[in-house]
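Assemble the whole structure, with the sequences as input and the hints as a guide.
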Amino acid sequence: MPSELNQKIYVAGHRGMVGSAIVRNLEAKGHTNIITRMHSELDLTNQAAVKLFFEQEKPQQVYLAAAKVGGIHANNTFPAEFIYQNLMMEANVIHQAFSNGVKKLLFLGSSCIYPKLAPQPMSEDALLTGKLEPTNEPYAIAKIAGIKLCESYNRQYGDSHGIDYRSVMPTNLYGPGDNYHPENSHVIPALIRRFHEAKVNNAPEVVIWGTGTPKREFLYVDDMASASVFVMEIDKASYDRNTEPMQSHINVGFGSDISIAELASEVAKATGFEGKITYDSSKPDGAPRKWMDSCQLNRLGWKAATNLNEGLALAYENFVLLNQVH
1 MPSELNQKIY
11 VAGHRGMVGS
21 AIVRNLEAKG
31 HTNIITRMHS
41 ELDLTNQAAV
51 KLFFEQEKPQ
61 QVYLAAAKVG
71 GIHANNTFPA
81 EFIYQNLMME
91 ANVIHQAFSN
101 GVKKLLFLGS
111 SCIYPKLAPQ
121 PMSEDALLTG
131 KLEPTNEPYA
141 IAKIAGIKLC
151 ESYNRQYGDS
161 HGIDYRSVMP
171 TNLYGPGDNY
181 HPENSHVIPA
191 LIRRFHEAKV
201 NNAPEVVIWG
211 TGTPKREFLY
221 VDDMASASVF
231 VMEIDKASYD
241 RNTEPMQSHI
251 NVGFGSDISI
261 AELASEVAKA
271 TGFEGKITYD
281 SSKPDGAPRK
291 WMDSCQLNRL
301 GWKAATNLNE
311 GLALAYENFV
321 LLNQVH
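Read in my numbering, the sequence shown has 266 at position 266, and its numbers run on one by one without any break.
By construction, these hints were calculated from the structure, which means they are not laboratory data.
Each residue gets a CB set at the ideal place from its N, CA and C atoms; glycine is no exception.
Take these hints with a grain of salt, some might be off.
Unchecked claim - Under the rule of at most 25 Å between Cα atoms (straight-line distance), these lysine-lysine pairs were calculated in the DSS-like manner:
#, residue 1, residue 2
1, 8, 58
2, 58, 116
3, 8, 276
4, 303, 199
Claimed, not checked - Computed Cβ-Cβ distance ranges for the label pairs, DEER-style:
#, residue 1, residue 2, range
5, 182, 159, 47 to 53 Å
6, 181, 41, 21 to 27 Å
7, 236, 289, 32 to 38 Å
8, 152, 15, 27 to 33 Å
9, 236, 275, 52 to 58 Å
10, 123, 235, 21 to 27 Å
11, 210, 309, 20 to 26 Å
12, 157, 210, 44 to 50 Å
13, 6, 236, 30 to 36 Å
14, 235, 269, 38 to 44 Å
This is the structure:
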């Protein structure tokens, strides 16, 4: 194993929530040759800069966790930026990885690749079977293109050049490195902030948008990192047996979902808020359910290790640390 642990691994997007968790996981496993670049050092949308980086550094493995991300408002407001930047990043990195002899690459996608009305739980074969959610369609199209880039390079160059490029699709993630912005954050970090502020200000109640009935699946980010490294390290024969050349992506989920009302109660407990939780049913609910089918990954031998209570406690600890408030 020593030579494997010394392989040069490039983690693109190492300052993001998933990228930083992948670095933590690799370091914990004893990998000693991880390379990273901040955006100020390497703009992944710049073809010439990415070409030069790969020619100089010659990584042996790549985890492509870099992406332009944002909530519904950002996706709706900047659709051109979301599709352009994500397409350029993945095209540049995947092509230069191939051109510079990288045999193993893992691309990280998103659950929004699936149709808006996909049957629940959403299995890998739901891809390209219906219309996407309009608000984040440009982002989803870019992520689908990333999967197809990996598959196309495998199909054309897999045998001749020995490359093996794979894709994983995470469910909703939370944990250290999350975005707790008051307007632009996802549901768990938004609830953590609101319940924490309510506790600090002795507010009698917290009002949640919608009815509380929609169900969502949540995965702790270090579990996502563990799954990413697991999928990267599966032997090729097992991976090929469990996937198809033109449907090779693998879902990564917790395995079950929870209603927003149940989630709000758990976040209140984690933050120590003891007031009342009410629901504003005049506000939109969004899709009634979003749940990933992770059976394929479970069959390969991976399951999530962190339950929601543990994960929320760790996420809240991280929020408090980030905000230096007690």
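Okay, the hints, checked on the actual structure:
Restraint check for residue 8 and residue 58: the C-alpha separation of about 8 Å stays at or below 25 Å, so the hint holds. Straight-line distance between C-alpha atoms of residue 58 and residue 116 comes to about 40 Å, which puts the hinted pair past the 25 Å bound. Distance check on the hinted pair: residue 8 and residue 276 sit about 52 Å apart at the alpha-carbon level, beyond 25 Å; violated. A C-alpha spacing of about 34 Å is found between residue 303 and residue 199, which places the hinted pair above 25 Å, so the restraint is violated.
For the pair residue 182 and residue 159, the supplied restraint of 47 to 53 Å holds, since their beta-carbon distance comes to about 51 Å. Separation of residue 181 from residue 41 is about 25 Å and conforms to the stated range, judged on CB atoms against 21 to 27 Å. In this structure, residue 236 and residue 289 meet the distance hint of 32 to 38 Å, their C-beta atoms being roughly 35 Å apart. With their beta carbons about 29 Å apart, residue 152 and residue 15 fall inside the hinted range of 27 to 33 Å.
At roughly 54 Å, the beta-carbon separation of residue 236 and residue 275 lies within the given 52 to 58 Å, and the hint holds. At about 23 Å, the CB distance of residue 123 to residue 235 agrees with the hint of 21 to 27 Å. Evaluation of the 20 to 26 Å hint for residue 210 and residue 309 yields a pass: the beta carbon distance comes to about 23 Å. Take residue 157 and residue 210: their Cβ atoms lie about 47 Å apart, and the range 44 to 50 Å holds.
For residue 6 and residue 236, the hinted distance range of 30 to 36 Å is not satisfied, since their beta carbons lie about 21 Å from each other. Between residue 235 and residue 269 the beta carbons are some 42 Å apart, a value that agrees with the proposed interval 38 to 44 Å.
Hint compliance for this structure: hints 2, 3, 4, 13 are broken, all remaining hints hold.
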